[in-house]
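2 protein chains.
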Amino acid sequence: MKIAIQGNAGSFHSIAAKTLYGDEALLVYCETFKKAFEALAGNRADRAIVALENSLYGSLNDTYDLLLKHNFHIVGEVYEQVRFYLWGIEGSSLTTITDVYSQAPALGECEQFLEEKLPQAAVHEYYDTAAAAEFIKQINSKTKAAISSKPAGELNGLSCLASGIETHSDNYTRFIALSKTPNDTATATKTSLTFRTADTPGSLYAALGAFAKQNINLTKLESRPIIGEAWQYMYYVDFAAGIESDETQHALKELRQYAREIRVLGSYSAGSHIVA
Amino acid sequence: MKIAIQGNAGSFHSIAAKTLYGDEALLVYCETFKKAFEALAGNRADRAIVALENSLYGSLNDTYDLLLKHNFHIVGEVYEQVRFYLWGIEGSSLTTITDVYSQAPALGECEQFLEEKLPQAAVHEYYDTAAAAEFIKQINSKTKAAISSKPAGELNGLSCLASGIETHSDNYTRFIALSKTPNDTATATKTSLTFRTADTPGSLYAALGAFAKQNINLTKLESRPIIGEAWQYMYYVDFAAGIESDETQHALKELRQYAREIRVLGSYSAGSHIVA
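Listed in order, the protein sequences are those of chains A and H.
Position 211 (the first sequence) corresponds to 211 in this note's numbering; numbering is contiguous.
Position 7 (the second sequence) corresponds to 7 in this note's numbering; numbering is contiguous.
Hints listed in this document are in silico derivations from the structure and should not be mistaken for laboratory results.
Please note: incorrect hints may appear among the correct ones.
Heads up, the list lumps identical chains together, so a pair's fine if it works in one copy or across two of them.
Here are the simulated lysine-lysine pairs, DSBU-like style, with alpha carbons at most 35 Å apart [unchecked claim]:
id	residue 1	residue 2
1	Lys117	Lys69
2	Lys35	Lys190
3	Lys117	Lys180
4	Lys220	Lys253
The structure presented is a predicted model; accordingly, all values stated were derived computationally and were not measured.
Just need the whole structure built from these sequences, with the hints factored in.
Structure representation (structure tokens):
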């Protein structure tokens, strides 16, 4: 099984891939989310794993837009706790560091630590947390450090200068697994779909009524702009029921009266929270 | 009147500020959205103007989170068409350019142009479109170019190498004006508020029913994560009615039965679309 992910060895995506598909999965490292989707589209991978939302940051717009652009099936999900570590080369310490490298969201989430413990350090954006750790290993300077996951630091033989440096411990990322071929949805417990409504009073209310009347819990509602139609929105919902269940089938039947362009993105087993 | 904005002279925020408050407004340039909010909080400005959403990109998460953190009033809005230009120094042309600088969303929106017309050029992120134009003027090299607004290029005396280089012409940004003091809402036609619901089936449906029953059109519904409560969401809605209208007062009365932590962010005149 070849799995396309954003990021390098030891990245948070690589941890999610191993949780879902085991250590034997062969990872295809991609610089961007777009390239991970393209690896699946071009058959260079059997699955792609991409972050969809984070409990602090919210939805990742890029992933939502790529989901609408491609016609893949969401076949699984996993929630992973995000813990950040500061890594330097051997002999470095908090007092020797003048430059810190990481991906923008990681830098943002560790801002408090950086301001308090490394006020002297300049902060630099890097395209991936794990790649930032590789960079620190390569330049081999006691003045440089990276913020990344535990595996990323360990894989590169770096020294841990600080751990758990995120501001909020309640920091989870939800990753979804994508496939070109549909999965068996008989035992699915969660479904994701998109639809749009008319731009009239009560149209979204009527659409959501289809789920409320079946007592289906919406776990997420997200709006995304429709390209080429300024200020018109596509809605993206996740709900706690499999696509084959009676309640979902009833809800979809009613939803068709109030919404159009309904597209089921996938039905899969609701993921549990993996605590680091 | 002093207006804090993100970006420098000629930035898209500066155009929005002049549309709303005229040419005589004194602009307080801030590097980030956060700093623009802080300028208003610290009385270094009378108003702050910040982008809230874009018709292609969607909502700007940072602005939504800063709105919740601060206790300002939304007192106005304006929609501005986004048109991008490529600027170089005199004597440069598409064939001499090896490096292009701009803010990430601008680079993304001009990706097609860059791939087709400047395949040889390396692309570099810069913190602001107008600051990127200033940078090109400073380094004074025929190999460097910036993507920015028309005023930003003109203010820096640069040559226009290409205009209208955005992929989608239907590209508008919605800006809101913020104030520490409330405005007169008697003639307001639009209102923004946030609320949260219980994590039970039908709770959001019941909350939206408060608006549907009054025939109030929701123009936007956005969900944002609640920090410290993973996978619980705060809802942000805009609707086409002033806060003092009977229908809004009836809707709020019903909303209080199904939602909590209701906070009115502002009630103001719905903005029109300014075409560049």
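Exercise. If the cutoff is 35 Å on CA atoms, where do Lys35 and Lys190 land: within, between, both or neither? Let me know, please.
Key: within (27 Å within a copy, 41 Å between copies)
Quiz item: Between the shortest in-copy and the shortest cross-copy C-alpha distance, which are at most 35 Å for Lys220 and Lys253: within, between, both, or neither?
Solution: both (20 Å within a copy, 25 Å between copies)
Exercise. Using 35 Å as the alpha carbon limit, work out where Lys117 and Lys180 are close: within a copy, between copies, both or neither.
Key: between (46 Å within a copy, 33 Å between copies)
Exercise. Measure nothing new, just compare the shortest in-copy and cross-copy C-alpha distances for Lys117 and Lys69 to 35 Å and report within, between, both or neither.
Key: between (43 Å within a copy, 24 Å between copies)
In this structure, every one of the numbered hints holds.
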